[in-house]
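Chemist: Line by line, the protein sequences give chains E and F. If you're matching positions, the first sequence starts at 467 in my numbering and goes up one per residue. If you're matching positions, the second sequence starts at 2 in my numbering and goes up one per residue.
Treat the hints with caution; some may be incorrect.
[Unchecked claim] Below, a list of computed lysine to any residue pairs in the SDA-like style, where the Cα atoms sit at most 20 Å apart: (1) F:194 <-> E:604; (2) F:194 <-> E:605; (3) F:194 <-> E:652; (4) F:97 <-> F:52; (5) F:194 <-> F:14.
[Said to hold, decoys possible] Chain E is faced by these chain F residues, among others (derived, beta-carbon under 7 Å): (6) 16; (7) 133; (8) 201.
[Claimed, not checked] Only part of the chain E face toward chain F is listed, based on derived beta-carbon distances under 7 Å: (9) 608; (10) 611; (11) 615; (12) 646; (13) 648; (14) 649; (15) 651; (16) 654; (17) 673; (18) 675.
What the hints contain is simulated information worked out from the structure, not anything from laboratory work. Note that CB positions come from ideal geometry on N, CA and C, so glycine has one too.
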Amino acid sequence: MAQPTLYQYELDEASYRVRLLLSMLRCDYETVAVDMFPGQEHVKPAMLALNPQGTLPVLTQDGLVLHGTAAILMYLARAYDPAGRFLPEAPAVFGPVVTWLGFSETALAPALQARLAAMFAAPGDADALRARARAAFRTMDDHMTMRHFDGQDWFCGDGATLADIALFPAFALSRDYGIDHDAFPALRRWIRRVRALDGFITMPGIPDYH
Amino acid sequence: MRLEEGWVPVALSSSIEAGTSAGAVVAGSEIVVWRDTGGTAHVWEDRCPHRGMRLSFGFVRGDHIACLYHGWQYDAAGQCRYIPAHPNLDVPQTIKVPLYRVAERYGIVWATASAQALLPDVGAQTDIAPVRSVTIDCPAAAVRAELGLEGPISVITLDGDRLLAAVQTVAPARSCLHLVLLDAAPGPVARQKHHARWAQALRFRLETASEVA
Ligand code: FES
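Only chain E is shown next, with the shape it has when bound in the complex:
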């Protein structure tokens, strides 16, 4: 199998989700930088030929072209994590993991948009997006509050999974678009656990404590 190639933008949260997993899987890969802002290259012919959806990131490998962040994460877990640590086989864990992956694509979409609106003046009603992002973080905080009573540090099962990787960036970057961490004590605890994972990497906006 050839190394995968990741078409990505350094400051894009969705691209970071994939880089984070690749790093934790210790997987070597090529990157192609796509100038999302201000270039808008992701919606120009060269990228649209690869991904007509015009979304980032895009992953290619051995003739496959994959888009959609959750799909890429699941693919990489299948390809490089044969033990199924990040995407466990057991239905009782698999089910919740893919449920939260779905959440990361839907409920957290306003969080991604809020950040792009705040940082790159991308279109969108900033207040409405922030309110919806905050509602999503509440759902996550309520969940992790309950998990903590059971002595569990992670969204599903008893280790870090794709759910944690897909959900982490939006909350860790929330100050970029004006949502403080004050109101989410269970998520504050959780992001510290994520940061301590083997292979964890940061991106601009997520400080490296030195």
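Please build the complex by placing chain F with the ligand on the supplied structure of chain E, with the hints as guidance.
Modeler: Quick look at chain F with the ligand alone, frame taken from chain E:
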């Protein structure tokens, strides 16, 4: 209640792990609540004297807190001790973060700017188990009214359990309810979850009511 007026509940003790910091807001004043690696809690103004960065964005190193922006480090007394850009400088005494008085009681971190205020007292309590802090988009007075609380703190009875409810004013239309279980039996998980769910339902009720109003 403002920090100048008396002791304000600002976090559950269990939410501030050793070696970590968190931001909070009391009636519009931004504070940082942090715990040094020795376990002592500190509450300061959340503003770095250098360029005003929120210190709660920074990180704890032993009994110092380091600002995220340019790495200035402050000791437990709020005194700046180290400026990375000038490692040999004897840091002037004037570079100091304003501190609040801090106490931990009933599993809650309390802070005040008042020299006289007496710490809230609901008698000796044992077997305290944390439930949760829940932020609610409504005035603190509405939370107190709903729970029938006299002041910012009260013992309430809920579905056969005694709980301590403490209300923090965040902003005119935002408050935070800190809830702990008293007389907790060993392994209180089911009761903690029960009351955490109750707090979620309370949040829904109060926010729905304040939308209608
Ligand atoms: S603003 Fe804190 S060190 Fe510069």
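Chemist: Min Cβ distance, residue 649 of chain E to chain F: is it shorter than 7 Å?
Modeler: Cβ of residue 649 of chain E sits 4 Å from chain F, so the hint holds.
Chemist: Are the Cα positions of residue 194 of chain F and residue 605 of chain E separated by 20 Å at most?
Modeler: Within the cut-off at roughly 15 Å; holds.
Chemist: Given the hint that residue 97 of chain F pairs with residue 52 of chain F, test it: the Cα-Cα distance must not exceed 20 Å.
Modeler: holds (13 Å)
Chemist: Would the hint on residue 16 of chain F stand, with a C-beta cut-off of 7 Å toward chain E?
Modeler: holds (4 Å)
Chemist: Against chain F, is residue 615 of chain E within 7 Å by beta-carbon distance?
Modeler: holds (5 Å)
Chemist: Would you check whether residue 675 of chain E satisfies its interface hint, that is, whether its CB is within less than 7 Å of any CB in chain F?
Modeler: With Cβ-Cβ at 4 Å, under 7 Å, it holds.
Chemist: Is the shortest C-beta separation between residue 133 of chain F and chain E less than 7 Å?
Modeler: holds (5 Å)
Chemist: Within 20 Å, alpha carbon to alpha carbon, are residue 194 of chain F and residue 652 of chain E?
Modeler: holds (14 Å)
Chemist: Should the hint that residue 654 of chain E touches chain F count as held when the rule is a Cβ pair under 7 Å?
Modeler: Status holds, d = 6 Å.
Chemist: At a threshold of 7 Å, is the proposed contact between residue 608 of chain E and chain F supported by beta-carbon distances?
Modeler: holds (6 Å)
Chemist: Hey, residue 194 of chain F versus residue 14 of chain F, does the alpha-carbon distance stay inside 20 Å?
Modeler: The given pair, whose Cα atoms are some 18 Å apart, holds under the 20 Å limit.
Chemist: Using Cβ atoms only, decide whether residue 646 of chain E comes closer than 7 Å to chain F, and label the hint accordingly.
Modeler: holds (6 Å)
In this structure, every one of the numbered hints holds.
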